[in-house]
Amino acid sequence: MPSDVDETHAAPRGFLRRYVFSTDHKVIAKQFLFLGLAFLAVGGFLAMLIRWQLANPGVPFPLVGKLLYGPSGGVISPAAYTALFTMHGTIMIFFAITPILIGAFGNFCIPLLIGARDMVFPRLNLLSFWSMFVATAVLTTSFFVPLGAAQAGWTAYPTLSTAIGTPGLGQTLWTIAVYFNGASSIMGAVNYITTVIRLRAPGMGYFQMPLTVWGLWLTSILNALFVPVLAAGMVLLFFDRVFGTQFFIAGSAIRGGGDPILYQHLFWLFGHPEVYILILPAWGIVSDLLSFFARKPAFGYRVTVGSMIAVVILSSLVYGHHMFVTGMSPMLGESFMLLTMIISVPAVILFFNWLATIWRGAMRTTPAMLFALGLVFTFGLGGLTGLFLADIEADVYLHDTFFVVGHFHLIMAAAVLLASFAAIDYWFPKMFGRMMNPVLGKLHFWLTIVSLNLVFCGQLLIGYAGMQRRLYDPSAYEFLKPLLKMNRGISHAAFVLGAAQLLFVVNFFWSLARGRKAEANPWQVGTLEWTVPSPPPHHNFDRIPVVRQGPHELGNPRVIEALGRDWLAQDEEMP
Amino acid sequence: MTATTTTPAPARVDAGERSAAARDLDATIGMTVLLGAWVMLFAALFLAYGVVRVQANEWPPFGAPRLPLAVPGLNTLLLLASSAVLRRGLARARGGDQRALPPAAVAAALLGVAFLGAQLAIWRAMLARGLFPGSGVYGSVFYALTGFHALHVLGGVVALAGQAVRARVTRKHEPATLRPLRMTALYWDFVAIVWVVMYLTVYCL
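Chains as they are written, first to last, in our numbering: chain A, 64 to 638; chain B, 43 to 247.
Here chain B stands alone, though its shape is the one from the complex (with noise of 0.2 Å):
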């Protein structure tokens, strides 16, 4: 605590801002807090998606198709790749290479891209095979969960590429510049990690 006087404060406004650090740390709360707030979300869907499930006789449904299993484990290991790939552009940036910041996140938009690729070619050839939003349970828990997530990646994707052009537009690599990243990278490991969990109990249980 500063030592202080008892005179009232003088007619003047202290200026000054608040240190970057103290500033990260605010975002890093904020976006915490956040972050639990949709976990909180994805956790009620994966609730009513267990509540359906066990009062189910049959998982998938007699003559429903079976859901793929190879397709959607690679890009189980897309989007974990390009977590990954964001990860290192940011833990080089932060030990000096600030250069390495826009490709990185290019790169994890881009592999966000071919997650949405593969997801799309999934639900096609669902289709195709006869199992739609509205064929029972089975169909809505498959369409609305991966579909639910797939926004998610979109919307992650926007940002990715977003973050990009502004780095290399204002070519700053400050702290406060790279903040937004740092922050991106955290909602992007929530979305990769939603998906692994959804990877496990939507197409493999």
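Bound conformation, chain A alone (with noise of 0.2 Å):
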């Protein structure tokens, strides 16, 4: 066995080399957990502005307002409100979910979970998580460069990303923190997907890995395949944008010229794996938390893995579902309707399997449990709108309407969000030792689950009776106006749900300072994290242990009687 013997390098000591220039995986998914929380809070309050001005045009955006468009007295400008709603598309996907779902959570999880004392390559992943420093370095430099941050929405299609569309030195700074991102991510997955093939503990096969550990495999797998398609267009593009190359300018019939649709490939090439690159890791976590707190044994788990690997398969194979209306041929439109349409049957069954895992199970609703509730939920919801815009005669009307906004907001915003602070809430104790409160916990998880079902199902409303996704003034167009009243109400849902994230906060920072001592094993259960100290001394584990069962050994009559409790270690002895 490879890993029967591990290195045990020494703490380090000093402040810089243990606490920022650190190689340790835990202390460096900490760091991705503060960077990524911070601009989950930045692309929060951008979407609070958006909101603003969707629910009352033209006026003014109060108490900083004045601060932050002075020119204009507070009003938010159009081109303010583009760089608004590309900015918090780009900051969201690549500098909040990312780095808090993958950078975070698969940093802490991995070696702990698969019973080793690193990740593989410490370095790469100190390199990782520096390259993701120096692009959100760049990308808020962008906000203070003339003309302002980048205005051609997340996904910059040319020609609107070109020189030509928008001149200002801010959407260069976009692509080259987009693709120093995608540097990040690709350490990152050379890291995960080699710790996992190579330092599981002994006695841990594949299939003896929590699930949250499959799904950071398997996302990774999918980072290190198409993230680089996607550096590829941000290449083209900055030489497009800086060395007046003509890839995506389209030209004259006698000199040829590029092709702008050509940007669109590249872009949802990537763009569509990256839907379950984000959503993946979530799908795990919450596989293994069902289980776990409904204290039965995954239903099916053989099953949901093999779904998350359909679902990796097919997701390289319908990304053009995404360009429906961009004249592609329609035979080809088919084809790639259909293998969207084929998704939903690996989908289905990982869904039917949460159902059957819970079903009769002792529930015990702990925060943790009911954000991952809260993401079956959600993901049904979202999932089932998806299939609308799979079909190309639904497509051909809901394509950049506020359904689509509504529908990848119930994926990526809500069930993976809902994932996110299901995690923190469940390794909250590990990482840092003590308790988050539970109380608060619960009050967060209901202000939100609300709240945001109110937000995306207004944005699934009002993009059926036909406004367009990235509006500027609703009021503009007449058939838009008995809308008004409606967007006011999503708003002011929107508004509270960014209010009660202010609890979150409250509890974060309380429970970091002031919350209860955690013991090693608060939740009872018996993956490998959850046999050593809260937190984990520097080298996770005295002896690297030796593991004899799976994840989910919850409720097995034979360990309640011989034992008295209904959870059983992986490194434990079957009584």
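Check before you lean on any hint, since a few could be wrong.
Selected chain A positions facing chain B (Cβ under 10 Å, derived; list incomplete) [to be verified]:
hint : residue
1    : 306
2    : 307
3    : 314
4    : 418
5    : 419
What follows is a list of derived Cβ distance ranges for each label pair [said to hold, decoys possible]:
hint : chain 1 : residue 1 : chain 2 : residue 2 : range
6    : A       : 450       : B       : 78        : 28 to 36 Å
7    : B       : 78        : A       : 78        : 31 to 39 Å
8    : A       : 135       : B       : 104       : 27 to 35 Å
9    : A       : 401       : B       : 101       : 32 to 40 Å
10   : A       : 419       : B       : 93        : 54 to 62 Å
11   : B       : 246       : A       : 419       : 55 to 63 Å
12   : A       : 419       : B       : 62        : 46 to 54 Å
13   : B       : 176       : A       : 533       : 46 to 54 Å
14   : B       : 63        : A       : 501       : 21 to 29 Å
15   : B       : 81        : A       : 393       : 27 to 35 Å
16   : A       : 129       : B       : 104       : 52 to 60 Å
17   : B       : 93        : A       : 565       : 45 to 53 Å
Partner residues aside, some chain B positions facing chain A, computed with beta carbon under 10 Å [unchecked claim]:
hint : residue
18   : 68
19   : 69
20   : 81
21   : 148
22   : 175
23   : 190
Just so you know, the hints here were simulated from the structure itself, not pulled from any lab data.
As the structure is a computational prediction, the values presented were derived from the model and not from experiment.
No residue lacks a Cβ here, since even glycine has one placed at the ideal position from N, Cα and C.
Put the two chains together into one complex, using the hints given.
Listed below in structure tokens is the structure:
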């Protein structure tokens, strides 16, 4: 067994090596977590500005409006509005969800859950975080350059994103930031993939791994394969903007020219797998949590894994459904439609496995469990609305409306975000050695789930009624004027959603400083991270554990009878 | 699997290193994944080239200068020779002749520098003949693809020079110090292979 013995490099001394340029996966995880949470707050604030404009077009933003938009007296101008939704999308996807779910929990969970002492390449891990940091610095800078931040949408379609459409430096910095962000993701992926292959504790086969690790591992494979395609798009867009090449600028018949649609191919070749890159860790985490807090083994473990693998394979074959209205060949469109519809098969299998897992379980409704259940609900809703968009006839009508916005927010902003909160609530004790407050956590959950569904379901409705996404002023069109009241309602729900997150902030920092000290295994589950103290020592495991069973050994009558408890650690002998 | 007792682990930390062979395999797997990602990067660039190429009526467009074949062909040989030199040095080091390593790395790096010099000459010649990055998608493809590849050659040259200096300074050629050079060699082979594809598709086709 290659992982019988392992390196135990001594804990480094000195502030810089310990907390800033650390190679310890647990420290890097926390760095990613704080970075992601900070940008989650920024992205959330941008969303509040967007909703303000849609509810009260042309009315100055209260309190800080004059500070942000001085020249216009606090009114959000059309250009500022375009920058707002561009940066909101970019920040939430690349700089909030990615660092939290993949950066923080990928780093924290993978070595601890498979019984390893660290990642296989600790220095590459360090480089991955600092590459992400460079990306965030560049992105933050872009807010302050002349003409402001990027304004071509988070998808940055040419010709809008070329130097003709957005001449400012902001868009160029945007391509650089996304490129470095991608570099960080790829370095992380190399580490995660190799670590899972090489450093699993003895006895831990692939099918003894917690589903969290499966989700993160499959995500890493998608990251390694498809983030480079985005990088290629960014390289060419950068060349177009800076060196005057013409890849994405349509030419004349005589000279031949570039092709703006080419960018869309490159972007969605990456972009559709990206959806699964973000949701796969969430699926894995939730599959585990539902089992742990229903006190039952995960139903159909191998089928769940198989479904996730099927989704990974299919995800690379369906990107064309983002481009139905680009004039693609109808035959090609039909194929993409069919393949997209097929994805619902593994997704539904996953869904029913979750329901079967909690069926007649001894439910413990901790905040983490509530958030996991919230994901099941919103993922179901988001997945169903995806079917309409996968269908060409419906998509031609719904394309570029708020229906699309509602759909992907239900998946990305609701399901993935709820999984992030579930993960934070669940692993907080192991990360920081203290418990989070469950009362505040539950309050945070209920306020979040209700307001979030009001916002995103409202978006589905106004989109169905025909309101375009990225529209600056809904009162500009006669047919949208009746929707103004509804837009106001959605915005008010969004403000509640934003305010509810303050509960989380309070809970997070209060628990960090004053929370009850956590014992080694507060949730009474058997995966390996709970067999070591909270927080774990620098080298994680005094001795590399020998794994004897799968991660969901819960409610086994033999164990209950022999040990008087309903769980068994993965490295304990079956009585 | 080792036999174990059911008593909890004693409060001590297992020291011990993973074997050099295990670390070697770690590095090889990691590098393979990384190069796989890199292949996807260049594959996407070639895809972009293919898309604009099949849409063009005429290639090269009317009035645009043809790209040279001889000098870049020679350049192909330079990069392949560089890879071969490095491979040979590694093979001799593995056979016990550790002192062959720094010269091999330096020779490989110098061949890389020669490649860059020739590529620079080609760019200058094409600029003099009126082909610019902004002169249609033909110029775009030529400068973007060869330029982006040249950056990778430059990175490889820097890495090789660094490895050579390190090997000279430490004068230790244990398997552990050999490993970074072995990884650089994998990368260097990849850069050469990408170039062969680039030569065949951008220059020849």
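Right, here's what the structure says about each hint:
1. Taking 10 Å as the C-beta cut-off, the interface hint given for residue 306 of chain A holds, the closest approach to chain B being about 5 Å.
2. Checking residue 307 of chain A against chain B: minimum C-beta separation of about 4 Å stays under 10 Å; hint holds.
3. The beta carbon of residue 314 of chain A is positioned within 10 Å of a beta carbon in chain B (closest approach about 6 Å), and the interface hint is therefore held.
4. Taking 10 Å as the C-beta contact cut-off toward chain B, the hint placing residue 418 of chain A at the interface is violated, the least distance being around 35 Å.
5. Interface restraint check: residue 419 of chain A against chain B, minimum CB-CB distance 33 Å, threshold 10 Å, status violated.
6. The hinted range of 28 to 36 Å is satisfied by residue 450 of chain A and residue 78 of chain B, whose Cβ atoms lie roughly 33 Å apart.
7. For residue 78 of chain B paired with residue 78 of chain A, a C-beta distance near 38 Å keeps the hint of 31 to 39 Å intact.
8. Distance hint for residue 135 of chain A and residue 104 of chain B: a CB-CB separation of about 50 Å, inconsistent with the stated range 27 to 35 Å.
9. A hinted range of 32 to 40 Å holds for the C-beta pair residue 401 of chain A and residue 101 of chain B, which are about 35 Å apart.
10. The hint said 54 to 62 Å for the Cβ distance between residue 419 of chain A and residue 93 of chain B, and at roughly 46 Å that hint is violated.
11. At about 59 Å, the CB distance of residue 246 of chain B to residue 419 of chain A agrees with the hint of 55 to 63 Å.
12. Against the hinted window of 46 to 54 Å, the Cβ-Cβ separation of residue 419 of chain A and residue 62 of chain B comes to about 47 Å, which satisfies the hint.
13. As the Cβ distance of residue 176 of chain B to residue 533 of chain A is approximately 30 Å, the hint placing it in 46 to 54 Å is violated.
14. With their beta carbons about 49 Å apart, residue 63 of chain B and residue 501 of chain A fall outside the hinted range of 21 to 29 Å.
15. A C-beta distance of roughly 32 Å is found between residue 81 of chain B and residue 393 of chain A, which places it inside the suggested range of 27 to 35 Å.
16. Under the hint 52 to 60 Å, the C-beta atoms of residue 129 of chain A and residue 104 of chain B, about 58 Å apart, fit the expected range.
17. Evaluation of the 45 to 53 Å hint for residue 93 of chain B and residue 565 of chain A yields a pass: the beta carbon distance comes to about 48 Å.
18. A distance limit of 10 Å between C-beta atoms decides the matter here; for residue 68 of chain B the minimum to chain A is near 5 Å, and the interface restraint holds.
19. For residue 69 of chain B, the interface hint holds, since its Cβ comes within 10 Å of a Cβ in chain A; the closest pair sits about 8 Å apart.
20. A least Cβ separation of about 8 Å between residue 81 of chain B and chain A falls short of the 10 Å threshold, and the interface hint therefore holds.
21. Residue-level restraint check for residue 148 of chain B is violated (minimum Cβ-Cβ distance to chain A is 25 Å; threshold 10 Å).
22. The interface hint given for residue 175 of chain B is met, as the beta carbon of that residue sits about 5 Å from the closest beta carbon of chain A, less than 10 Å.
23. Because the beta carbon of residue 190 of chain B sits about 6 Å from the nearest beta carbon in chain A, less than 10 Å, this interface hint is met.
This entry does not satisfy hints 4, 5, 8, 10, 13, 14, 21, going by the numbered hints stated previously.
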